[in-house]
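Protein chains in written order, with this note's numbering: chain A, 1 to 136; chain B, 137 to 272; chain C, 273 to 408; chain D, 409 to 544.
What the hints contain is simulated information worked out from the structure, not anything from laboratory work.
We put the beta carbon where it would ideally sit given N, CA and C, even for glycine.
Treat the hints with caution; some may be incorrect.
[Said to hold, decoys possible] Which chain B residues stay away from chain D? Per the calculated CB distances, all over 12 Å, these: (1) N139; (2) E149; (3) E156; (4) L180.
[To be verified] If you only want the chain D side, here are some residues facing chain C, beta carbon under 10 Å, derived: (5) A412; (6) P446; (7) S459; (8) L466; (9) G480; (10) V486; (11) S543.
There are 4 protein chains.
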Amino acid sequence: MLNADEVQAVIYEGLPAASEEGLRIEEVGARRARVRSPFRPSTLRPGGSISGPTMMGLADAAMYAAILGELGRVEMAVTQNLNINFLSRPAPADLIAEAVILRLGRRAAVLEVQLFSEGNDEMVAHVTGTYALPSS
Amino acid sequence: MLNADEVQAVIYEGLPAASEEGLRIEEVGARRARVRSPFRPSTLRPGGSISGPTMMGLADAAMYAAILGELGRVEMAVTQNLNINFLSRPAPADLIAEAVILRLGRRAAVLEVQLFSEGNDEMVAHVTGTYALPSS
Amino acid sequence: MLNADEVQAVIYEGLPAASEEGLRIEEVGARRARVRSPFRPSTLRPGGSISGPTMMGLADAAMYAAILGELGRVEMAVTQNLNINFLSRPAPADLIAEAVILRLGRRAAVLEVQLFSEGNDEMVAHVTGTYALPSS
Amino acid sequence: MLNADEVQAVIYEGLPAASEEGLRIEEVGARRARVRSPFRPSTLRPGGSISGPTMMGLADAAMYAAILGELGRVEMAVTQNLNINFLSRPAPADLIAEAVILRLGRRAAVLEVQLFSEGNDEMVAHVTGTYALPSS
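Model the full structure from these sequences, guided by the hints.
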């Protein structure tokens with residue numbers, strides 16, 4: 001329903017933090033979205049890996065982007081549940097999130113997100129989550 | 137092992153974002169920690185509630201604070217898993233996180249966190265998580 | 273809306289396995305339920321602890337009992353999400369589950385369950401879950 | 409390290425319930441396992457779908473099978489965390505679980521499991537979990 005640029009505009013309007021962080025919606029469609037979080041040194045934590053909250057925020061944005069891409073301007077869709085497993089230490093590089101809608105019901109959507117460091121095909125984190133959808 | 141001010145110093149050294157957001161470690165001890173996230177308009181999302189990633193970041197910091205308070209300077213403790221359920225819309229106000237260690241093993245700690253809006257005793261989010269502990 | 277015996281009858285009608293296992297709904301009310309799983313040697317796993325699925329099944333039944341106790345005969349309420357952290361090895365003894373409804377919305381309920389071995393106050397597992405509620 | 413028959417023998421020795429339910433380890437290898445739970449009318453719940461605990465037990469067994477297949481006789485590997493999202497109502501038919509190891513560390517393994525009804529490619533449930541591995 002919305003393309004990547006339109007999804008990015010909706011997210012930037014609604015959530016100034018996403019704009020400040022420079023999140024980029026790279027692809028949207030076919031129940032999927034790919035979102036990039038540009039590397040920022042302020043997100044490093046001891047040991048040199050990127051902080052967990054940075055990864056959780058990116059995963060949440062990628063789920064939201066996949067839903068907006070599928071359903072249009074449902075800005076009031078909200079996260080109900082998010083579960084993240086951290087798998088390997090991300091490199092000090094851009095993070096890429098690949099979200100897919102596993103189930104799209106009338107009232108809720110369940111999604112899966114895989115997170116990677118730019119240029120590395122080892123998954124750094126795996127996320128599942130549920131979004132509550134507004135009544136239409 | 138560390139008091140609230142010492143825990144805050146460790147967190148600020150390691151994670152500049154926590155310092156920028158003004159996270160305050162209010163209490164630490166007896167396998168618990170209470171952490172405050174001062175209200176910032178940039179964390180609002182459509183509808184006026186505080187963004188999910190803000191709550192996830194606060195919960196993660198509260199778990200880390202409880203572990204540092206119990207074990208001392210284990211900066212390399214890292215989040216393995218975090219599961220959050222969003223319960224009610226937070227007010228545009230400070231967020232308070234109350235973390236408790238449910239189990240402290242040699243290799244991992246399991247924690248629970250309850251999140252509240254300042255001045256309101258209805259829980260806004262409930263979190264459980266696992267931290268991997270460094271080998272000593 | 274239903275007392276403990278009525279809840280047990282609804283669960284036994286709907287789920288023969290609960291009856292075979294002898295699950296007992298001990299208390300229901302005030303958004304809570306306590307459910308007992310009598311010890312059965314067939315649920316032991318290597319090392320002598322009770323199997324994970326036994327604990328997951330008990331936690332799920334305790335959530336269902338709390339919802340039936342609060343809302344009446346909503347047999348079509350179904351589990352959407354369940355997250356369990358195993359904390360300590362249960363004794364070869366009855367398991368007790370204490371469930372509480374954290375949030376009761378129109379469309380979904382979020383619950384927390386604590387599991388214990390009979391006669392021991394160390395928690396053996398911690399569960400959170402979401403039930404989807406039928407439209408009324 | 410172990411083939412499907414050997415994995416099944418280890419699971420049947422350790423967990424009589426798996427044997428009673430007739431769980432079949434169909435394939436093991438390359439960090440994956442496929443496990444079948446034959447349909448049993450006693451697992452039906454109101455509405456005709458298969459009970460959540462049946463699906464959770466199958467998912468847990470599939471994770472264990474993938475680990476035994478990869479690491480050999482690590483009977484003492486135990487589930488630390490399991491998170492399940494129920495996606496669609498399973499048919500009254502065999503359930504199939506496809507488990508894959510996402511990360512294999514020294515101390516823990518993180519796995520993903522997809523559950524299907526026999527003969528239907530719509531996923532009925534999605535699971536992630538962590539197994540603690542015994543020190544070797």
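Q.
For a quick check of understanding: which of the numbered hints are violated here, in increasing order?
A. Going through the list in order, the structure violates hints 5, 6, 9, 11 and respects the others.
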